[in-house]
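Asks: Listed below, chain by chain, are the residues.
Protein chains: 2
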Amino acid sequence: MPATDTSTDNPFKQVVENYRQRVDAALDRWLPSADTTPKHLHEAMRYAVIGGGGKRVRPVLVYAAGATAGINPEKLDSIAAALEIIHAYSLIHDDLPAMDDDDLRRGRPTCHKAFDEATAILAGDALQALAFEIICEDEAIEANAETRLKLIQALTIASGSIGMAGGQAIDLHSVGKKLNLSQLEAMHKLKTGALIRASVIMGAMNSAECTPQMLDQLDQYSQHVGLAFQVQDDILDVISDTETLGKPQGSDIEQNKPTFPELMGLEASQDYALQLHHQALDCLKDFDDRADTLRDLSAYIVERRN
Amino acid sequence: MPATDTSTDNPFKQVVENYRQRVDAALDRWLPSADTTPKHLHEAMRYAVIGGGGKRVRPVLVYAAGATAGINPEKLDSIAAALEIIHAYSLIHDDLPAMDDDDLRRGRPTCHKAFDEATAILAGDALQALAFEIICEDEAIEANAETRLKLIQALTIASGSIGMAGGQAIDLHSVGKKLNLSQLEAMHKLKTGALIRASVIMGAMNSAECTPQMLDQLDQYSQHVGLAFQVQDDILDVISDTETLGKPQGSDIEQNKPTFPELMGLEASQDYALQLHHQALDCLKDFDDRADTLRDLSAYIVERRN
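Read top to bottom, the protein sequences are chains A and B. Counting along the first sequence from 1, when you hit position 277 you're at 277 in the numbering used here, and nothing is skipped either side. Counting along the second sequence from 1, when you hit position 31 you're at 31 in the numbering used here, and nothing is skipped either side.
Hints are computed from structural coordinates only; laboratory data are not their basis. Be aware that one or more of the hints could be misleading.
Any copy, or any two copies together, can satisfy a pair, since identical chains are not distinguished.
Unchecked claim - Straight-line C-alpha distance at most 20 Å; calculated EDC-like pairs for lysine to aspartate or glutamate:
{"id": "1", "residue 1": "150", "residue 2": "216"}
{"id": "2", "residue 1": "75", "residue 2": "146"}
{"id": "3", "residue 1": "75", "residue 2": "116"}
{"id": "4", "residue 1": "257", "residue 2": "17"}
{"id": "5", "residue 1": "257", "residue 2": "289"}
{"id": "6", "residue 1": "150", "residue 2": "137"}
{"id": "7", "residue 1": "150", "residue 2": "241"}
{"id": "8", "residue 1": "39", "residue 2": "296"}
{"id": "9", "residue 1": "150", "residue 2": "139"}
{"id": "10", "residue 1": "113", "residue 2": "233"}
{"id": "11", "residue 1": "39", "residue 2": "185"}
Construct the complete structure from the given sequences, taking the supplied hints into account.
Replies: In structure tokens, the structure reads:
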């Protein structure tokens with residue numbers, strides 16, 4: 001995941017790579033095979049989720065928050081997969097012509113370009129149902145039924161009309177409008193923040209050793225990291241190139257979307273991202289070295305190049 | 001609900017009207033108000049679910065199956081609402097230009113016509129999350145956490161890629177193709193059958209008195225009724241008019257969709273619907289008079305005019 005260090009003796013890189021492989025294996029297990037009827041729908045679902053090598057930020061946050069709270073990764077595979085599946089479905093729908101109208105995602109044709117619009121809509125719909133199904137079904141979670149319900153509830157709220165879907169609705173209604181900084185942050189808090197927050201909370205929720213105060217500190221961490229992620233996304237849309245991004249550079253500006261660099265200037269946005277990173281670290285000051293992956297992840301989020 | 005008898009002294013009509021009012025009140029309680037941010041999204045969600053007076057077949061099946069199994073309706077309000085919300089989201093997405101491209105639904109403009117395509121896609125997405133959320137949260141269900149998880153699991157499977165969404169994918173891929181009868185039935189078993197089946201099972205699932213054998217008989221009943229519902233839908237597309245239907249008459253034929261009347265002829269389709277109705281009644285032969293609403297409902301489904 002870290003673009004700046006590709007050596008294999010970087011412990012953070014190895015941990016993240018391990019988490020990525022875990023969630024990719026879980027996704028492969030949980031997604032119906034492309035041989036299962038209706039084949040073209042299952043092909044589209046697998047295409048959107050498994051191919052293309054996403055960054056897997058949300059699954060990595062699940063595992064890293066779990067490690068901080070003393071939960072083994074094998075208990076978190078389906079939770080990590082569910083978060084990535086919700087994220088993938090939202091990308092399929094966001095890319096549709098009626099929404100952001102993007103042809104390129106992770107360096108490949110978007111789902112509605114590789115298949116067709118109707119299949120893309122249905123693949124997104126079916127993926128959402130699958131995310132909740134696997135939290136119901138996975139025995140490896142080892143949570144009692146009450147905790148499992150809390151996990152599902154957290155994911156429904158983070159995904160719904162006062163979470164991710166609501167944020168996307170506000171985003172689309174903001175095109176061409178002048179938002180101020182607090183309105184822009186409120187939008188991102190829902191659009192990307194809600195799912196990032198859910199990743200951290202759902203990763204740590206089933207911990208016996210995590211006190212409500214610790215969960216609250218992790219929640220604060222996730223909010224800073226979630227916002228930093230979006231600020232850096234806006235920065236990359238200005239300074240990166242299409243090949244590195246895997247999606248069209250400059251598309252925010254082209255679509256007349258409000259961004260942090262537009263409101264604050266590029267340099268101030270970069271300072272703001274760093275400030276959010278330090279605030280995120282501050283939320284972890286009472287945690288031991290098992291929180292190091294969360295710390296490194298916060299750094300990665302503001303240093304990444306795609 | 002019965003189009004052929006509008007007298008208020010028809011007990012079936014009164015029971016059904018009571019169930020409809022119950023679920024409408026539950027939907028109004030569970031859907032975020034149109035004053036909640038993002039307002040336009042919540043307006044669209046409410047427009048699609050509450051306005052327009054749907055038949056509420058799935059909620060009525062939930063309550064009627066519950067009554068058969070000795071469950072009070074107040075324990076079923078959120079389950080009935082969840083089924084209707086999943087149904088409503090599927091209608092929003094099915095009506096989109098990339099899918100069936102319908103402008104009229106329940107006699108009003110479809111959601112993407114009344115709002116816009118992006119809002120309609122997101123309203124559907126957010127509704128799906130809401131359906132699962134309310135089963136997590138409603139205390140009136142009085143189910144233990146294990147049963148609640150089973151309810152959510154049943155709804156995820158019925159909604160997903162080997163349920164409703166999968167059926168719609170097969171349907172869209174069948175346009176202009178020659179399906180035989182068993183292929184047509186397999187498609188409808190997923191597209192509308194899965195959710196009708198889930199309505200009956202979820203209505204009776206939390207019953208102490210319902211044996212596995214009784215649940216199986218209810219499941220058989222729901223499969224006959226689900227298929228009868230679709231056969232009658234196809235018949236109405238041929239013999240009814242746009243005003244009565246609330247959607248364009250003849251749209252199946254215009255869209256070159258395979259139908260029962262096309263494959264079997266109109267008269268044989270009407271005979272088939274009646275035969276399925278009698279098979280449904282046969283599945284209820286071991287039940288007492290608390291199953292009468294299910295019996296009447298089966299009759300209504302093959303007698304309805306819209």
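Asks: Next, verify each hint and record whether it holds.
Replies: Verification of the supplied hints:
no.: 1; hint: 150 with 216; in the structure: within (16 Å within a copy, 30 Å between copies)
no.: 2; hint: 75 with 146; in the structure: both (16 Å within a copy, 19 Å between copies)
no.: 3; hint: 75 with 116; in the structure: neither (36 Å within a copy, 42 Å between copies)
no.: 4; hint: 257 with 17; in the structure: neither (33 Å within a copy, 48 Å between copies)
no.: 5; hint: 257 with 289; in the structure: neither (40 Å within a copy, 61 Å between copies)
no.: 6; hint: 150 with 137; in the structure: both (14 Å within a copy, 9 Å between copies)
no.: 7; hint: 150 with 241; in the structure: neither (41 Å within a copy, 48 Å between copies)
no.: 8; hint: 39 with 296; in the structure: neither (40 Å within a copy, 38 Å between copies)
no.: 9; hint: 150 with 139; in the structure: both (16 Å within a copy, 14 Å between copies)
no.: 10; hint: 113 with 233; in the structure: neither (24 Å within a copy, 33 Å between copies)
no.: 11; hint: 39 with 185; in the structure: between (40 Å within a copy, 18 Å between copies)
Against the hints set out earlier in the document, violations occur for numbers 3, 4, 5, 7, 8 and 10.
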